[in-house]
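Chemist: Please work from the sequences and hints to get the whole structure.
Protein chains: 2
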Amino acid sequence: MGDKNEEFVVTPWEVRGIVDYDRLVKEFGTQFIDDRLLDRVKRIIGEIHPLLKRRIFFSHRDFDWILDKFEQGENFALYTGRGPSGPVHLGHMVPWIFTKYLQDKFDAELYFQVTDDEKFLHDPHVSLEITKNYAMENIIDLLALGFKEGKTFIFIDTDYAKTLYNIAIKVAKHITFSTVKAVFGFDSSINVGMSFFPTIQAVPCFLPSVLKGKNTPVLIPAAIDQDPYWRGIARFVAPKLGFYKPAQIHSKFFPGLGKGGKMSASEPNTAIFTTDDEELVDKKIMNAFTGGRATVEEHRKLGGQPDICPVYHYYEYLFEEDDKKLKEIYNSCKLGTLICGDCKAILANKVKKFMKEHQRKREKAKDIVNEFILKD
Amino acid sequence: MGDKNEEFVVTPWEVRGIVDYDRLVKEFGTQFIDDRLLDRVKRIIGEIHPLLKRRIFFSHRDFDWILDKFEQGENFALYTGRGPSGPVHLGHMVPWIFTKYLQDKFDAELYFQVTDDEKFLHDPHVSLEITKNYAMENIIDLLALGFKEGKTFIFIDTDYAKTLYNIAIKVAKHITFSTVKAVFGFDSSINVGMSFFPTIQAVPCFLPSVLKGKNTPVLIPAAIDQDPYWRGIARFVAPKLGFYKPAQIHSKFFPGLGKGGKMSASEPNTAIFTTDDEELVDKKIMNAFTGGRATVEEHRKLGGQPDICPVYHYYEYLFEEDDKKLKEIYNSCKLGTLICGDCKAILANKVKKFMKEHQRKREKAKDIVNEFILKD
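For the protein sequence lines, the chains are A and B, in the order given.
Mapping to our numbering: the first sequence position 211 is 211, numbers consecutive.
Mapping to our numbering: the second sequence position 91 is 91, numbers consecutive.
Derived by calculation from the structure, the hints in this document are not laboratory data.
Hints are all accurate, no fakes.
Derived lysine-lysine pairs resembling DSSO-like cross-links, with alpha carbons at most 27 Å apart:
#: 1; chain 1: A; residue 1: Lys-212; chain 2: B; residue 2: Lys-162
#: 2; chain 1: B; residue 1: Lys-162; chain 2: A; residue 2: Lys-375
#: 3; chain 1: B; residue 1: Lys-162; chain 2: A; residue 2: Lys-162
#: 4; chain 1: B; residue 1: Lys-375; chain 2: A; residue 2: Lys-132
#: 5; chain 1: B; residue 1: Lys-212; chain 2: A; residue 2: Lys-162
#: 6; chain 1: A; residue 1: Lys-151; chain 2: B; residue 2: Lys-162
#: 7; chain 1: B; residue 1: Lys-132; chain 2: A; residue 2: Lys-212
#: 8; chain 1: A; residue 1: Lys-284; chain 2: A; residue 2: Lys-361
#: 9; chain 1: B; residue 1: Lys-162; chain 2: A; residue 2: Lys-366
#: 10; chain 1: B; residue 1: Lys-212; chain 2: A; residue 2: Lys-375
#: 11; chain 1: B; residue 1: Lys-375; chain 2: A; residue 2: Lys-162
#: 12; chain 1: A; residue 1: Lys-162; chain 2: B; residue 2: Lys-240
#: 13; chain 1: B; residue 1: Lys-162; chain 2: A; residue 2: Lys-214
#: 14; chain 1: A; residue 1: Lys-240; chain 2: B; residue 2: Lys-132
#: 15; chain 1: B; residue 1: Lys-162; chain 2: A; residue 2: Lys-132
#: 16; chain 1: B; residue 1: Lys-151; chain 2: A; residue 2: Lys-162
#: 17; chain 1: A; residue 1: Lys-132; chain 2: B; residue 2: Lys-212
#: 18; chain 1: A; residue 1: Lys-240; chain 2: B; residue 2: Lys-162
#: 19; chain 1: B; residue 1: Lys-214; chain 2: A; residue 2: Lys-132
#: 20; chain 1: A; residue 1: Lys-132; chain 2: B; residue 2: Lys-240
#: 21; chain 1: B; residue 1: Lys-132; chain 2: A; residue 2: Lys-375
#: 22; chain 1: A; residue 1: Lys-181; chain 2: B; residue 2: Lys-181
#: 23; chain 1: A; residue 1: Lys-162; chain 2: B; residue 2: Lys-214
Modeler: See below:
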């Protein structure tokens, strides 16, 4: 989870500081995505998504086992989700876009959990009505990405609580308060809803097996802050309940437009929301922190610093799929030939184009949302 | 909860030793049922049930407030329940019989919770299939007592988990692990299902208000071991959620047929189950511990001790409604004119008669059970 005494913190409820991903891999006991694994993915499905090639999805646990199963003809299911604490921003969509690629390439079912209960329990100032409302809004953003009907099962926890609770208590029977204390850093002042909740988040790891009546491998594409749920709860309990341990593939955090740190809805000026209009997108990007120098002269002389620049990272994560072009941006920034104003303007146009298309699809998604929802 | 270092223990999961009810009233901060309250009940509904008159229901919290509400024309709902850990014995039926009387006299709705989740979470050796099976069997015993259709709502937790969870998380948001630790004596080795469960048991205190969409007074008739749920959880949370605090009326424990202690399904030789046949009832009663002396001669000389005699208490709790006749049994035992063999034989006949009738009603109840069940 990172160490609060050091320079960064990574928990399911807080990501702060400049994240040292190498250290997370070591602390969490995961594996780096290596070239051998990429070659294998390419051999199986013929294509490597930029988010994987660029190691935005950089770490995994048992992804190779998932590929074994797939090659043996055993289909796996995907599981990811969303805590509906506010509107969706671009950072939330990174794992979803990757999940869509996995669904398409592996013809995999997706189970998507919307944890309105968690967000209600976590925030003293938020009502269940608010989290449920965000839940529906967030689902519309998800569906705008084009997930497959009949293969995509979305559930809001409070609307699917009967199914979830019946499995969660089987998980909970094996999870002591000591365990959640150790895994999540809770103390006795935590409310008993929050200390129970990790069992609810573990349920979808086993839900495909329960619904199909046969043990089904599950792969979880998600940002690495969610790892304690899988490492500390779901994988610990799986063998006790007779299920496969869920596999993970972990992403880094999408940066905010400010200096350092991930994109966060709690800092709206440095986050681009899916409902932002063109003017607002322009404004946020033009006001972004960059790796550029104090003056254009200095920039041309010293060159920029793309590695610490959120604008560059936007190209890298989502807005420049062509590796050659991305390299050009990187190099011309370094050389000082690409100045920040121009670089931002190009990005802003790409983002606005993406947003316009997303907003169009978002409107259409409103009509089909009920086809995707699991309810009790 | 009693004190484990002293001679008795009373928790929702364990009742052991000779219970000092006076001390419980003091420790739990409840009120004794007094003559003034009995007079008031008699004035309102014209009749006092023997279980109340004899102070088997001996303690309360806000029962007078419930009567105020009733007299002001505001109907209250009853809430009691059952942990389906095994078959029903006579001890379980004492609060149910009293609850039936309250339903009839006050024309009150009854909400009856069957906590199969709790029993599954509590006992490492029990599956959910087993607790669900007992749940249905236990409900049939309840219905054999003649509760009113359309006014009686029974729910098995796992079958009503969506409704319950949605309210429970609102309770849970206000209940810390420290609180359940203090209220129930849990430590960190408790599983997180058990530490969440008190919020599920609190839900029916508010369920009538939620279902009706208006604040509804609730009276809980139950044995006093359940009091921590009401005192420590439901009454604490009620004002925070805008509900009335639930009122309680507490019973003593129905004795087992052994020496001291309450009737317990875990000691089947000293418990009479509703499905026991006549031969078994005879055998169990004839083998019962009594307050009688070692020999008939001694008994006639010294007299018996009805106060410590489970056979006498059976008359008192359920099998002799006539106060005058009960007094005669007491006195003739004390005088030594009634000897144990005769006293047991009379009781056995009464119990067998009750059982035969109950078993007949039990069979008929199987046909109507679905009319009473709330499910998601």
